[in-house]
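Residue-level listing of the chains:
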Amino acid sequence: MRRALHDPSFVIGAVLILGVVACAVFAPALAPHEPGLATLRSRLATPFSATHVLGADAIGRDILSRIIFGARVSLTVGVVSVALAMLIGTLIGLVAGYFGGLLDTLLMRLADIQLSFPFILLAITVIAVIGPGMWKVIFVMALTQWVQYARIVRGQTLSLKEREFVQAASGLGASHARVMFQHILLNALTPVTVLATLGIANNILLEAGLTFLGLGVDPTIPSWGGMLADGRNYIERAWWVATFPGLAITVTVLGFNLLGDWLRDRLDPRTST
Amino acid sequence: MVAFLLRRAIQSLFVLVGITLFVSFTIRLSGDPAVAMFQGASAPTAEQLTTIRARLGTDRPFMEQYLAFLGSLLRGDLGTSFRTGAPVADAVAQRFPATVGLALTSLLVSLVIAIPLGVLAARRRGRPADFVVRVVSLVGLSFPNFWLGIMLILVFGVYLRWLPPSGYEGPASLVLPSLTLGLILASTTTRLVRSALLDVLGEQYVVTARAKGIREHRVVYRHALRTALIPVVTFVGLQIGGLIGGVVIVEQVFAWPGLGSLALNAISFRDYPMLQGTITVLAVFIAAINLVVDTSYALLDPRIRYA
Amino acid sequence: MKHTIIALLLALVISVAAAQPAGTLTIAQAQDPQSWDPIDTFFLAWGMVGSSIFDGLVHRNLDMEIGPGLATSWEWIGDDDDRLRFTLREGVTFHNGEPFNAEAVRFTFERLLGEEGAAGPQQANYTSIDHVEIVDDYTVDLVLGSPDPVLITKLAGYGAMIVPPGYVTEVEPETFNRSPVGTGPFKVVEYVPDDRLVLEANLDYFRGPPQVERVVFRFISEPSTRVAELQAGRVDVVQGVPISLAASVDRTAGVSIVPVGSPTVSSLRFNHCLAPTDDVLVRRALAHAIDREGIIEAILEGYGTPIASFQSSMSFGYDPDLAPYAYDPERAQALLAEAGVAPGSSIQVDFIGTDAIFREVAQAVASMLEAVGLQANLVTHETNTYYNDMVPNNRVGHLYFSGWGGWTLDFDNTAYLLYSTGQFWNPCFSNEEVDALLASQRATYDQAEREVALQRVAQLSHELLIDVPLYQHQNLWGVAERVQGFTAPADDRHDLTGVSLAN
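Protein chains in written order, with our numbering: chain A, 345 to 617; chain B, -7 to 299; chain C, 175 to 677.
With the rest of the complex left out, here is chain A:
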């Protein structure tokens, strides 16, 4: 752990993420204003003033407060979608890799279907049916992204189950479940964690893209993607409306990517020195 503190990737990444998490958790205490309060008089108020530190948006809402509350949406979308995808993908990958056979073939063909299906088109089709909204976006992301995890875990399982210590455990009469979860899963978690960290970053960006297409989270909930999409038309006269939420996205994504980088370097035995 002490060594981690000397790695700038870890330190910067952790500080950024902790900051964002703190915003999300303590949003009501940190935000100077009610994030949804539209005061038409402060429309496009300039930043760095006493009342609106980061300015106000087109309907006079305080941008700083919205960014602080927006951390909740971005983190929820990023973390929950990845957690779900990871859970589904890991289970499927584990089962497919461990038992092999027809089940494996079926599950992997299902994975191929997913991989040949552009995420955005699937999202649009599904959202046309179920309607937009934060939880629906999360659902669609999980539905499309479990494959990446399934593939990795399956690959890991395939190679791990031939290794001595797993063979030994089976030989000693450990149940399938015990072998899968205790011996294989723990070892397969490394690459999954790396992928998940990067996946969170990616999904925060995807949420912004979907909101741009009008298929994202509800516009009343302050979300960075929504603020960026709404602010894009003000860029020439009120740069702060889009720039600060854009920065928030960049900072958070950067934080997760740095952590992911560090994790990969740490956990991957080949690159650790």
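Incorrect hints may appear among the rest.
Unchecked claim - Here are a few chain B residues that sit away from chain A, every Cβ distance over 10 Å (derived from the structure):
1. Q57
2. V124
3. L152
4. G252
5. A275
To be verified - Here are the computed distance ranges between Cβ atoms for each label pair:
6. B:G63 / A:V365: 27 to 37 Å
7. B:L59 / C:E637: 55 to 65 Å
8. A:A521 / B:G194: 36 to 46 Å
9. B:G49 / C:E637: 26 to 36 Å
Said to hold, decoys possible - Here's a subset of chain C near chain B, in silico, CB distances under 7 Å, partners left out:
10. S209
11. F216
12. T267
13. A293
14. E348
15. S395
16. L455
17. N558
18. P601
19. S604
20. N605
21. E607
22. D609
Hints listed in this document are in silico derivations from the structure and should not be mistaken for laboratory results.
All of these numbers come straight from a predicted model, not from anything done at the bench.
No residue lacks a Cβ here, since even glycine has one placed at the ideal position from N, Cα and C.
With chain A fixed as given, assemble chains B and C onto it according to the hints.
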């Protein structure tokens, strides 16, 4: 090799059935195309709706419609658009080059940026050049694509007037959209090239090559990079789906008349055949790319043999 | 002497040259309607282009006045005014050389009212026409099955555009969708879906040839990109400049913003089948809670006008004396208390998520509702789902967005479809007096009588608070300096015959 290709092709067929089944089923939950024809602008009578449904064939049971679609698909016929009455295959064929051209150019842009930068970072591991490349690529990875597109339009299209801001008028109009997608993709690819190369540079045969006194430049480009490109190619293959997704958004920003806008329109008109056709063709394309990727392993890594 | 002759000759050459249409006018609009057949579309995006390709029997000019089109005159004949006789213009040909005559008129309307028309949104506008009778080659009667006081206006646009019988019969419908043929000032030369439609001047146009040689309509859905093309000097006219970009466009050298009052109005409708908005006190409270002026000033940046009934000031039946409910949050709170609505009660507002302006309006309204102690809950939908499912099946919340164009510029269009009992988009509201008034104004051609009835409907809609009308839109057009003689059309239907390009 032939057996391998054959097996993969058969597997791809199943994938295709899966995708078309899913799309056909889902879009049929999204609303009645007969009602959609009235565009929310006039109220259809029940009688009108019955006539239209019969004409479009949407009154038949789902499996019957789906099997009919598969049947004509086997003959290379993607059906007729509900909205325009024109063959879907024509519309898709017209848009296909735009979308695929954009996707492949973006891929090319990303590789042209990523390989030299990745090599540079790997060779200067831990030094300032490495740090700069990693930070820049991380920042590049943290931009939503539509945002980058709008910024590029403002800078190069409006202020500098070097390039057309949008449209589909020849090579010049390809620059900004492919740069938008390419820059973002390059961020990931650079990181991948760097770490793959680092892996390889630590391996025995590279160490041996160095020990033999082969020049470092030659070691990197001749020996190590070739092996390091395997995970990069895999990654690129896996990215095609994501890249096409990015194309859909970027097409909107740049008024690029590709499959993305065709699909978006098809959804808003509930034009089932058009959506089915668009997605089927895209899926075939992505599956084909993945097949090419799998095959190209053999060319890059002689150790892999096909059982 | 010699010089004078040369000068005269030069002048002659120049004047001949000036009469020749010259230059390419490029117009960017958001949407490509995907099919150019007049009978299967109701998009404003079609209307923007359609009026340059086709003509109707009558013509509505840029001042929204009706005048002769392909017909030179018309009169009501028959015992009970059930027959409308048109004298047609002679010597007009379609772009493909087919002659325009009574047969073309008969064909157009039989197609519109027949099976082909039944598959599109246009037929419903013309069902009052029973059949068409040809008197002679250039005289034709529309025989009405039921009275239709707005028919003449409707003949000036959309479904009533005259199409060439020969061409439409010979080619596949998809060909007509893609390369339409009309009698209009421009003919279609190229269509690349979702990219561009290229038109060329029709030198034989019956009103005289247009002054530009080519018109290119480009389809650019992203508003900031449309505006960027204008600022980059590659597009001459841009439709739908977002209000947020208007100021920056106006600052750009060589381009300016041209606002034009539109017949489109935005309104929040009440769900009368859902508590608490089934209570008129609550509806009045909500009407007082919304700061229209504030919305117009701040969000629309002044590009809008407050309205008291669901129609624009251009609309027939508009009552200038009707004033909107004043913004009075205290009164709203008092009314809510009187109605027994507990503070913190939830009010759901439904709207279309892709409408950037209304998204801001809805959020401002949400804040205003919260300011009077309610909890606002915004729900967004996709356009198609919204108009074809949510609204008709009353699956919406307490308040829901409605934007209505009223292309006939007659309150009948909006009021009948939205207030009459049992109409498609009115699954809930019902009032006998309103029904009777709406039916009565449809049965008479006496415009004075109709106006009284429609104004009374407007008053009732205000008293009963059928909805909360918000504002009349102004459409913003971005126009390059080199464009001469361009008038932004209030109804989005361009008349480009008077437009020319300076060098």
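Evaluation of the provided hints:
no.: 1; hint: Q57; in the structure: holds (17 Å)
no.: 2; hint: V124; in the structure: holds (13 Å)
no.: 3; hint: L152; in the structure: holds (15 Å)
no.: 4; hint: G252; in the structure: violated (8 Å)
no.: 5; hint: A275; in the structure: violated (4 Å)
no.: 6; hint: B:G63 / A:V365: 27 to 37 Å; in the structure: violated (54 Å)
no.: 7; hint: B:L59 / C:E637: 55 to 65 Å; in the structure: holds (58 Å)
no.: 8; hint: A:A521 / B:G194: 36 to 46 Å; in the structure: holds (37 Å)
no.: 9; hint: B:G49 / C:E637: 26 to 36 Å; in the structure: violated (49 Å)
no.: 10; hint: S209; in the structure: holds (5 Å)
no.: 11; hint: F216; in the structure: holds (3 Å)
no.: 12; hint: T267; in the structure: violated (27 Å)
no.: 13; hint: A293; in the structure: holds (5 Å)
no.: 14; hint: E348; in the structure: holds (4 Å)
no.: 15; hint: S395; in the structure: holds (6 Å)
no.: 16; hint: L455; in the structure: violated (32 Å)
no.: 17; hint: N558; in the structure: holds (6 Å)
no.: 18; hint: P601; in the structure: violated (11 Å)
no.: 19; hint: S604; in the structure: violated (16 Å)
no.: 20; hint: N605; in the structure: violated (19 Å)
no.: 21; hint: E607; in the structure: violated (23 Å)
no.: 22; hint: D609; in the structure: violated (16 Å)
Hints 4, 5, 6, 9, 12, 16, 18, 19, 20, 21 and 22 from the earlier list are contradicted by this structure; the remaining hints agree with it.
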